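Make a model of the complete structure from these sequences and hints.
Residue numbers (our numbering), protein chains in the order written: chain A, 1 to 183; chain B, 1 to 335.
Derived by calculation from the structure, the hints in this document are not laboratory data. Computed from a prediction, not measured in an experiment: that's the story for all the values here. Hints are not guaranteed to be accurate.
Here are the simulated lysine to aspartate or glutamate pairs, DMTMM-like style, with alpha carbons at most 20 Å apart [as the list claims (entries may be wrong)]:
# : chain 1 : residue 1 : chain 2 : residue 2
1 : A       : K148      : B       : D320
2 : B       : K118      : B       : E151
3 : A       : K140      : B       : E151
4 : A       : K140      : B       : E325
5 : B       : K268      : B       : D243
Computed list of chain B residues with no C-beta within reach of chain A, every gap over 10 Å [as the list claims (entries may be wrong)]:
# : residue
6 : N66
7 : S128
8 : E211
9 : K269
Cβ coordinates follow ideal geometry from the N, Cα and C atoms, glycine included.
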Amino acid sequence: MEPKPPDKIADSLEGLDKPVVLTLIDPIRYQDAVVDLLRYFIGRTPHGVYVSLNKPYAVLTKAFDKAGIASSSLFFVDGITNVPAVEEDSFHAALGSGVDLSNLCIGISRAVSKITGEKFLFLDSLSTLLIYNDPRAVAKFAHLLTEKMRRWGTSGSLLTVEMNAERDVVSQLAPFCDRVVKI
Amino acid sequence: MIQLAVLDPMLYGAARAFDYLGFRGQEMLDRMGDGIIRYGLSQGYFERSNDPHQFVSNIVKFFLSNGYGSNVRYDQSGDIIDIAIWNWRFLPLMEKLRNRSSYLISCPICITYNSVEKSAGVVTERISENVTSDGVYTIRMKVVPGTTNAESTVIPLHPADFTRTKPPSQLNESVGLPIFEAYAYGLACGFEYLGAQAQLILDNVGNGMLEFMREESNVQFSDDLEDSLDTLSTFVASGGLADAIRVQVSPSQVNVNFKNYHYLPVLKKLLKEGRNLSSCPFTLAARAVIRNKGLAVEDMEWQVSAENAQLRMTTVNLVDQQFDENKVSSIMDQA
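Structure below.
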């Protein structure tokens, strides 16, 4: 019998101390998969940075609270809400929609430095970046991010929703991650 | 009225966008059904009923009165359901998809039916199909306990044999605009649970549309972006999307003027509801044309009036995009 997704995540990442994971998400169960994965990381490391390029901070926190995930344990980097200039408070930084890859990197770096102690990083998702960016640039971005995650001693996951083979970056990124998990 | 030459590429593109999921792609297509129902109810195209059979009957009447078929007969005996459809507009598309070994059904009647069936908790397996020489399609289904999204709920045990009966092209035929509107609304809303990345699905639909237009309507797109968009605009305007569509291309923008634009009711509703995705057949296909020329659409800004609309698409050249890892890395270290 196929293991349930949360068990599948735990089984796949067993034995890894601070896993950097590339997660391929089945579009049919995107919402549940994000919650399962987030729950896994929060269970291991109570604080994290959630980079959202898909849904605004306000929408996400409501959804996570409903799913029983304490959004207060996360610092959000919002790259989807339209803001005239970068906005920041103790819980989130809004970089503006369509933020370019360089500014996204800088925003992530700042967010990570706000949390002292152990933390994880969650990027939702590489797929969104492929709408506005060249796949090679997205691959370079993801490569740099995984490199930084290792230097920061941060575990985490880069998400990608399986939906377009032509713009796929999975094969380029897999070697830089500890595991590729399909959920 | 709108020609099937405009509507069918959308249906084909939708089915092609989920080919890679195999039979599971039907679940994605069925997500459009809720939007079609919401739109139909909001516009008074059909009435809701608490009785699922009556509700389906109301919906089917709407599709038939708008020309998506001439008759549908539904018989249930115990757990066996027999459905027959006369002059079903989807039949040529079904044949085309089957030739690609795709069993996905993107017919607006079917995905709406599936949506009602699912919300009523009914699961049916596809037993057998048949197409007669005069184009009557029949399907036998069986109500089964269990869950949807199994292969047997999508792929018939005995599929129709299209080798003996090739349905003639109906691309010059037209159907009522309400069908187009409801379908377009369903397409724009069906995948919004994915957030912004739902645009990738719509971009895949656009690619499928171009494939269909090339193969079935012999539309030839040139290497020049403006020429290609002119070809596309002429094609969809002549099919009934608008009285005229004028395109102007500059290095970082594509401006489009739609005169007497029949997507407008959908667009206005989407904008009013704060939904950002556009399912206009021109914009879906245009985004694919633009992408194929090495550009990406960064932003789409609409201005609408009573009957017309203006669209400004901001484009970015992907080839010019630079991401200097070393430079960004050192800035990150200082952040």
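Hints, one by one, checked against the model:
{"no.": "1", "hint": "A/K148 to B/D320", "in the structure": "25 Å, violated"}
{"no.": "2", "hint": "B/K118 to B/E151", "in the structure": "16 Å, holds"}
{"no.": "3", "hint": "A/K140 to B/E151", "in the structure": "39 Å, violated"}
{"no.": "4", "hint": "A/K140 to B/E325", "in the structure": "7 Å, holds"}
{"no.": "5", "hint": "B/K268 to B/D243", "in the structure": "18 Å, holds"}
{"no.": "6", "hint": "N66", "in the structure": "30 Å, holds"}
{"no.": "7", "hint": "S128", "in the structure": "27 Å, holds"}
{"no.": "8", "hint": "E211", "in the structure": "13 Å, holds"}
{"no.": "9", "hint": "K269", "in the structure": "20 Å, holds"}
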